[in-house]
Every structure is written in C-alpha cells, then in structure tokens.
Amino acid sequence: MTKTKEDSESHSKVVGPEPQYLDEFTSLLVPDDTRVMVDLLKLAVSCRSGEKGKEVLSAVLSGMGTAYPQVADMLLELCVTELEDVATDSQSGRLSSQPVVVESIHPYTDDTSTSGTVKIPGAEGLRIEFDRQCSTERRHDPLTIMDGANRIVSVRSGREWSDWSSELRIPGDELKWKFTSDGSVNGWGWRFTVYPIMPAAGPKDLLSDRCILSCPSMDLVTCLLDFRLNFASNRSIVPRLAASLAACAQLSALAAGHRMWALQRLRKLLTTEYGQSININRLLGYSEGEARSMSFTGSALAALVKGLPEALQRQYEYEDPIVRGGKQLLHSPFFKVLVALACDLELDTLPCCAETHKWAWFRRYCTASRVAVALDKRTSQPRAFLDE
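With this note's numbering as the guide, the letters of the sequence shown map in order to residues 47 to 434.
Possibly wrong hints are sitting among the right ones.
[Stated by the list, open to error] Result set (DSS-like, lysine-lysine): computed pairs, CA atoms no more than 30 Å apart in a straight line:
#: 1; residue 1: Lys-404; residue 2: Lys-314
#: 2; residue 1: Lys-423; residue 2: Lys-224
#: 3; residue 1: Lys-373; residue 2: Lys-222
#: 4; residue 1: Lys-423; residue 2: Lys-382
#: 5; residue 1: Lys-224; residue 2: Lys-165
#: 6; residue 1: Lys-373; residue 2: Lys-404
#: 7; residue 1: Lys-314; residue 2: Lys-98
#: 8; residue 1: Lys-314; residue 2: Lys-222
#: 9; residue 1: Lys-382; residue 2: Lys-352
#: 10; residue 1: Lys-352; residue 2: Lys-314
#: 11; residue 1: Lys-352; residue 2: Lys-404
#: 12; residue 1: Lys-382; residue 2: Lys-404
#: 13; residue 1: Lys-165; residue 2: Lys-98
#: 14; residue 1: Lys-314; residue 2: Lys-165
[To be verified] Restraint ranges, calculated between C-beta atoms of paired labels, are given here:
#: 15; residue 1: Thr-395; residue 2: Asp-228; range: 16 to 24 Å
#: 16; residue 1: Ser-230; residue 2: Glu-434; range: 49 to 57 Å
#: 17; residue 1: Lys-165; residue 2: Ala-357; range: 23 to 31 Å
#: 18; residue 1: Cys-257; residue 2: Gly-171; range: 45 to 53 Å
#: 19; residue 1: Lys-224; residue 2: Asp-177; range: 12 to 20 Å
#: 20; residue 1: Ala-414; residue 2: Arg-370; range: 52 to 60 Å
#: 21; residue 1: Ala-105; residue 2: Thr-395; range: 35 to 43 Å
#: 22; residue 1: His-152; residue 2: Val-417; range: 18 to 26 Å
Please keep in mind that the hints were generated in silico from the structure rather than gathered at the bench. The beta-carbon is built from N, C-alpha and C at its ideal position, and this holds for glycine as well.
Starting from the given sequences, assemble the full structure and let the hints guide the process.
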C-alpha cells in the first residue's frame, strides 16, 4: 500500500497537470481515472447526483483534458462516438420512431369523406409539415387536424402555399385527421409528414445506472465538447466530428435544443482552421476535379450542405411574412444559426444562390455580417461592400 502511494506521488510529480487547470485534490487524478470520471458525468447528466454534480465533473474533465493531451484525445474520440451512436440510434430505442407520411390521392375525387389516426408511441408531441404541392378548393374541401382528444387544432384548404406553409405542433403522441370534398372543382390534394417530438431526457428515472451508461447521451457530449481542439493531437477525427454533428442537426427526433447545439458547434468547427479542409464546392458538385484532404462524400455533412440552400430559402419564406406582419418580433434562433452557417460557408458566392431577386436578402445579410466582422477584428472591408 505504501509503495502504491509513493508510486502515485512520483507519477504526479513527473507528469502532473499544470496547477491552473486542476486544484490540489483533483491534480492527484491521472489519465487512467478519466473513464471512471466520464461514467460519473454520464450519471450526473441523468440526474443521478447532486445539484452541482454535472458542473463539477465537467470542470474536472475539462481540466484533465487541458493538462493531459492523451485525455483530450480520448474525450474527443468519446464525444464523436457518442454523437455517431445518437445519430444512428445503434443503442438507444428512444430515437427509433420514424416520421409518418399521410396523403390523399392525387388529384382527389369529388364527394368523398376520409379520416384517419396517426399515433407514435413515446412522443411527447407531434410536428406536422405540409407538402408545397398541397392544393384544395378553399373552404369547400377542408382538411381538419385534431388532437387525440378530438379537439380541432387546424383546418386547412386553399390553392396558395401560404394556406399550408405554417407548421403545426400537437402535444401528445396522437393526432386525427378528416378530409371532405364536395361535388365541385378539386385539386392536387394534400400530403403532410408527422415528425415525433421525443422527450429530451427520456424516462431516465425508470432506468438502472447500467442501462444509462450503455446508452449514448447528447447531454454528456454537450458537457465535454468545448472545441479546444488545439489540446488534441488527433486531427484526423475532424471529418467524423463534422459528419456526426451534421447528422444530429438533421435528426428530427432529437430535442430542438440539442439540434440547435449541434448546428452551432458545427458552425464553430467549420470556422476554425480545421474547417478549411472542407471543400464546399466539391460537396455541392461544382469542382469535381479538385483534390481534397478530407473526404465527406456521402456523409451527413454532405447531405446537410447540399440541402442547406433549399432549407434556408424555405425557412425564410416561412418566417419573413410573419416577422413583417408583426406576428413574430424577431427571426427564430434556428433561422439565425442556419443563415449564419450558410454565410460562413460562403454559399452566396456559389451558383446555387445565383438567382438575383430570390437570394437578394441573403447576399445583403452576408455583406452586413462580413462588414461587422471586419470592423470588430480591424481587418479590411469586403470588396463587394467597397464597390457599392
């Protein structure tokens, strides 16, 4: 026992962390203790410790990662693995619920009355998005959406996209719908997709500690992934990190806060020196002949970048009239981080955003953003701004 203590003291003197990162007690921890600390943090984020358990354990692990390069590498690898497991749902059943698509025949027939129910067990709410092709005779051919208690939530009809564009959110795991048409003119019909809103934490109070430790945890990653990548020596993990963040950002079953966090961290990653290896032109298919240092073809990041222009324009068309009409004071946090990411990727300079009128708002935003950054960092102003 005495020998073990002496060896431990000798080890801490030789390779111990810098005093500014850990205090007198936590500086006794060595890299081999990291795994146990991570398990304790995973239990802490599941409310298995006191009020400050999560904060204290996060701070200690962050300090160990700063002091020991091998711990930084291990924590980064752990975060990427957890994100990949969350995105693929390889271990956790709570994210397994898939969206449900409900639609009429196209075009729909006259003098019909149909109804149905959508139930996604485990969901705490349902989010409904309508297809842009939706078209029925206004007021005469209505689609009625109800909650599980048969209370009418919304009645949709009309031939304009504005009649269908606003999404619906219904509490609970069940909705009901009813569609009726008269004998007059008809249209293309309707189609909507029901996305489950799963509990952010899940029924953790009913699970054993062993079960919690075996499941991937977004909350664990949000505590550890602080992007001090300069302390990690394994730069080859950056493609996996970017792809896993992009996958989680697109996972509709995740809580909105977790998806926002993934988008924000992805943006931060892409604006560091490590993001310079990501060839956006190549991802969008504009420079097939160029070589690149990191491969993202077929990854979730490629899917996110390719779908970003459409998602951006769709969100703008949804929010702009609401903000201008005074129904919403500001644009949503989701739209803000989405447009900031697109600006950082310089999508305004690519052919996908070349249409003058359609993307004028985005180009104005990019110019204003870059001017603000230049003023803040005391760098030269963008050439396009100076030319104007």
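Going down the list of hints, with the structure as the test:
Of the pairs offered as hints, the one joining Lys-404 and Lys-314 holds, with about 27 Å between alpha carbons and a cut-off of 30 Å not exceeded. As the CA atoms of Lys-423 and Lys-224 are separated by approximately 57 Å, the hinted pair breaks the 30 Å bound. Between Lys-373 and Lys-222 the alpha-carbon distance is near 27 Å, which keeps this suggested pair within the 30 Å criterion. The hinted pair formed by Lys-423 and Lys-382 meets the criterion: a straight-line CA distance of about 21 Å does not exceed 30 Å.
A threshold of 30 Å between alpha carbons decides the hint, and for Lys-224 with Lys-165 the separation of about 15 Å falls inside it, so the pair holds. With a CA separation close to 23 Å, the supplied pair Lys-373 and Lys-404 stays within the 30 Å bound. Distance hint between Lys-314 and Lys-98 is fulfilled; the C-alpha atoms sit about 27 Å from each other, no more than 30 Å. For a cut-off of 30 Å, the pair hint linking Lys-314 to Lys-222 is broken: about 41 Å separates their Cα positions.
Taken as a hint, the Lys-382 and Lys-352 pair is honoured in the structure, with Cα atoms around 18 Å apart against an allowance of 30 Å. Taking the CA atoms of Lys-352 and Lys-314, the gap is near 19 Å; set against the 30 Å cutoff, the hint holds. For the given pair, Lys-352 sits about 18 Å from Lys-404 by alpha-carbon distance, which is consistent with the 30 Å threshold. Among the hinted pairs, Lys-382 with Lys-404 is consistent with the structure: their alpha-carbon atoms are about 18 Å apart, no more than 30 Å.
Proximity of Lys-165 to Lys-98 is assessed by CA-CA distance (about 38 Å); at most 30 Å being required, the pair is judged violated. Among the hinted pairs, Lys-314 with Lys-165 is inconsistent with the structure: their alpha-carbon atoms are about 38 Å apart, more than 30 Å. Take Thr-395 and Asp-228: their Cβ atoms lie about 51 Å apart, and the range 16 to 24 Å is violated. Between Ser-230 and Glu-434 the beta carbons are some 53 Å apart, a value that agrees with the proposed interval 49 to 57 Å.
A hinted range of 23 to 31 Å holds for the C-beta pair Lys-165 and Ala-357, which are about 28 Å apart. The hinted window of 45 to 53 Å between Cys-257 and Gly-171 is violated, with their beta carbons roughly 25 Å apart. Between Lys-224 and Asp-177 the C-beta distance comes to about 18 Å, which sits within the given range of 12 to 20 Å. The hinted window of 52 to 60 Å between Ala-414 and Arg-370 is violated, with their beta carbons roughly 18 Å apart.
Distance hint for Ala-105 and Thr-395: a CB-CB separation of about 41 Å, consistent with the stated range 35 to 43 Å. The beta-carbon spacing between His-152 and Val-417, approximately 48 Å, falls outside the hinted interval of 18 to 26 Å.
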